[in-house]
Amino acid sequence: MHPYEEYQRAMTRRSFLGHASLGIGAAAASTMLAGPTASAMDASAVGGLPGLPHFAPKAKRVIFLCMAGGPSHLETFDYKPELERMDGQPMPESFTKGQPIAQLQGQELKCLGPRYKFRRHGESGQEIADIIPRTAEIADDIAIIRSMHTDQINHDPAHTVMNTGTSISGRPSMGAWVTYGLGTESHDLPGFVVLTSVGGRNPQPIASRQWGAGFLPSRFQGVEFYSKGDPVHYVRNPAGVSRMQQRQVVDAISRLNELRYQQVANPEIETRIAQMELAFRMQQSIPELMDFSDEPRHVLESYGTEGSDGSFAANCLLARRLAERGTRFIHLYHRGWDHHGDLTRYMEICCGLCDGPSAALVKDLKERGMLEETLVIWGGEFGRTPMFQGKGKDPGRDHHIRGFSMWMAGGGVKGGVTYGATDELGYNAVENRVHVRDLHATMLHLLGIDHHRLSVKFQGLDTRLTGVEEAHVVDGVLG
Amino acid sequence: MRHGVGAVLVVIVATGWAGGRSALAGPIEFNRDIRPILSDKCFFCHGPDKAERQADLRLDTADGAVEDRDGSIAVVPGDPDASLLVERILSEDEYEVMPPPESGKQLTAAEKELLIEWIRQGAEYQEHWAYVPPTRPAVPEVKDTAWPAGDIDRFVLARIEAAGLTPSPDADRVTLIRRVYFDLIGLPPTPDEVDAFVSDRSEDAWERMVDRLLASRHYGERMAIYWLDLVRYADTVGYHGDQDHSTTLYRDYVIKSFNDNKPFDQFTIEQLAGDLLPEATTEQKIASGYNRLLQTSHEGGVQQKEYLAKYASDRVRNFSEVWLAGTMGCAECHDHKYDPYTAEDFYALQAVMADINDYETFKGGNTLPTKRNPEIEALSPIDEARIAEIESELTLLAGRLAEGDDAARQEIERQIKRLESEKASLQNNLRLQMVTESIKPRMIRLLPRGDWLDESGPVMEPAVPHFLPQIQKEGRVTRLDLAEWLMQEDHPQTSRVFVNRLWYLFFGEGLARSLGDFGSQGEWPTHPKLLDWLAIEFVESGWDVKHVVKLIVMSRAYRQSSLVSEELRERDPQNRLFARQGRFRLPAEMIRDNALAVSGLLVERVGGPSARPYQPAGYYAHLNFPTRRYFYDEDENQYRRGVYTHWQRQFLHPMLRAFDAPTREECTSRRSISNTPTAALTLLNDPTFVEAARVLAVRVLEQEGSDTDRIRWLWREVLSRTAQSDEVAVLAELLTQNRSAYETNEAAAGELLDVGLAPVPKELSAVELASWTAVCRAVLSLNETITRN
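Protein chains in written order, with the numbering used here: chain A, 505 to 983; chain B, 4 to 792.
Read the hints as simulated data drawn from the structure, not as lab findings. Any given hint might turn out to be false.
[To be verified] Partial list, computed: chain A residues near chain B (C-beta under 7 Å): (1) H558; (2) A606; (3) N658; (4) I710; (5) S712; (6) P721; (7) G733; (8) P735; (9) Q749; (10) I773; (11) T775; (12) L782; (13) M786; (14) Q963.
[Stated by the list, open to error] Under the rule of at most 30 Å between Cα atoms (straight-line distance), these lysine-lysine pairs were calculated in the BS3-like manner: (15) A:K601 / B:K308; (16) B:K366 / B:K308; (17) A:K961 / B:K53; (18) A:K961 / B:K532; (19) A:K867 / A:K562.
Beta carbons: idealized from backbone N, C-alpha and C, even for Gly.
Modelling step: build the complete structure from the supplied sequences, incorporating the hints.
Structural data, given as structure tokens:
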């Protein structure tokens, strides 16, 4: 049996000795899981592991804004005058020899200078490109990491590394790890929610394994919310069934399950009753969540959305609404950043869709006093080459894994900081290098988790999000 | 700082210890008691991986443990006080104590006591159980000689008696028939079948039922569910664009092989190396599709060299998990941390499989299905068998044409015509199947740290793991050699791994619980002797799967009740003694099949292309290259069994996902069993279940009698047992509530009846039908409905 299931089973059994009432929902179910010794701080009180967090957390939750496809660091956060100077000249072989290459295999490699001007912004004077002016407005709130690097050069495996720390299939995603460890404070919504949007060049596929639970119990997998059709699969009553009638069906099921429990004392039945009740409440809470009619005009305008229409803007506002309701991990994907060609045209589209809402989210959280406890992370699965790629009318850039940029804000992160650096051409991260697993270690640290100690035995190994290689908390971005 | 061990022991004993060895255990035995501790707490730094080994000390071998390293000896047999190991595990100094605090590992007091006691008793090492060939153990004596129905039961009972407990009583006959139906064919019994069994008090009633189920063509479907999890069968490539690929004939092959009870050695050989068999048949070529089931990528910008390495590793991982219960994936980057598999072993196995033609895969584009040559176009082995059957029937009929009168002849001619048209239509059912083609083997290098860019590693010769029995042969080891090596009589793993998984299918837990890890981090088997006995029985029966399945389900242990007595809940909460049956939620496919079966919608045709049940619109929106739209089947394929559902790796059907079916990216030897709101929403609102409920409601209304009579009939149809009166009352109330709702809103009734493709009989009242649909929805969503007891 899985150790968590074992624990849960033991707890469920214990709860039976203490609790007589049935028809409980998630809140009661989580109390049930807590056992008698859990303190208010302990994650086991909300369906997480006992003993977590390991230390006082800075962040309570994470909003991860994934720019799927891999945005160019050279057009956003990493200004390279030397690359500008070498525009059109051959890329020195000293950089590229023996390095993995994606679509530029076998082609002549030329430098492509940055397409946009950079300026300094905020009191901190962070260097940010003109193409993301709204992000420039939150320069003092964000820590820019310019020295990211990763392992995999194709989209699918690179996302897998970003989400699970390894390219091997079957491992839990970070959202699953975090909810497994910390549980969730939302009573009638899932603890790990995924929202997606599209717009830009040739949207790359994104697989549901990216929010999978791997070998963790499957209840920790991310639940995707949709803008079209049912917001969550099967959340709508069948046609011709009113809410009252659905209530009656659920009541009948629970009463019959309870009678069965009296016959066979199978603890699974009590969990089933609780989950059925939670399901019924989700049928109400999810449509409420998706309905923006209670949002004031100025908020809708700042995000740039009218309603939950599946845009990145709407998803950012949904992320805030989920954060307010206690969801632990909110993962947004915007598909469209794979700019092999026509870089400027597609940067304008992608930044047009994502720049404003990302900044609005940070500002909104800040105004509500939620930024301190919400960690926001922005970035793609990799960056893009300093080299020119000629797919399309205008220049583009290929996939690049040896150096790229991301930013973090809130949740204990120091704003107004630029951390790490790539070389003069923006190829290799050379100063204060941050691997994806260091990002994971830092994220977990801010959530009050020692990444060494959040592990599950799988195939004999104590498996962690940060894997077997050394991972370091990036102190330089901590507040 | 040196402690007197005796003094410390007093403290340990005084503080007491829970867990570890329970009262169930006998004297200290290395494999059972000591290896798990050393493996989990010490081997990471003092184990098989030479690159990680600290202080040049290894504790996984006796030689390593007793070696004199500059005057200090980790383990001095018989003398804990002289053993450095003891000093270090008892140390209170944070720089001295083992394991070191930064490892995150700690020894419990009980574990320390065991280690010390083991050294005191002479520190005897044993070879790891799973690497020693099984021998047939003596069947133990038992006190209660009346209980056992066979030798399996004597092994089980001996342990139960040693623990001072008694087995659970036999389950009631209704529970028994439901259990064995789901276990053997994955479908519920009809009420008539239940009645027949309940009233059949003859000695061999159970055996005749078991034989009938083993002969059912649905047995193969049920077994295939599990085998397809192991070999990671799916209908799509998995990576990036997740395009469809062509492999449904392989699924038919698996189903037919289980139905025909193909010996497991032949089944194994055909899959790993069917293409290498002399004059390979079409069926054997289809079987070799196993080697092509792995995930592939058709992303632009894939580097051939990188992906050849990925594919080769994927195959070794799957091979070792399916047949060896080995976690060889670890050895892709370094020697295994806990088990003797080395990186050399990993790449030597890659070399064995290096003749599989993967180059064609890179040519497959973004089409649906993508092209993954080599492929063949062929008939399903199931259809082939049916055609052969038809042909012999035709011969018979032709012989009878001359006999009888005109009427009889006309009847025979009609039959001939019908059979010929069936044959003709079957012969049209050609499908594509990826197969294995052997080419000149690629050169395989050991990749340091698994890095495909690094060409400094040595070139590997094909070989099997160095510590297992070796293949004696001149010349290159082939896939065929590898497959035959697995089936060597003295192979320590193949037979044990498979019988253990059979036991798991029929009890919910294995005799060794780590179904996928027979290494030193896996759990020591609860019943090692029974495991060996079954393994030997399997091999000696000629790898006869049905023989072992029958032995298991004929046992008294199998027929026990799954109700947990207060005593067993206290003494054996995890059912390690098998003093009761397991009870668990049904696998996803069976939850679907059950709803379709009881409603009468199920289409029982065996084999065929994949089926597309209803699925939420837009679920494939994130797929691209090409963009994807899902069209659910509008013909009888809509109502086929779950095993045939189109298996989209990246977006597995939400119903299957909600009930823990794996995406089949990797080998799955055990599915997790969750209990989530998502599952509840699926039962309540997925159109498949709503439609099943309303079609079942039609069947209800076809019954004569009062509401109460009909509720009782419904209950028996779905749950096999008689409803209690309080259960009837709950459903009667639900019926009344819905009647009053639909009487005032007849349009709503019409909307509900519109869910799904099945026609609505016009003569029935919409209000009645909709109200009964509500009742049926409730019954189909019960915990009991989806539980195997």
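Any hints from earlier that this structure breaks? Give me their numbers in increasing order, please. 1 and 8
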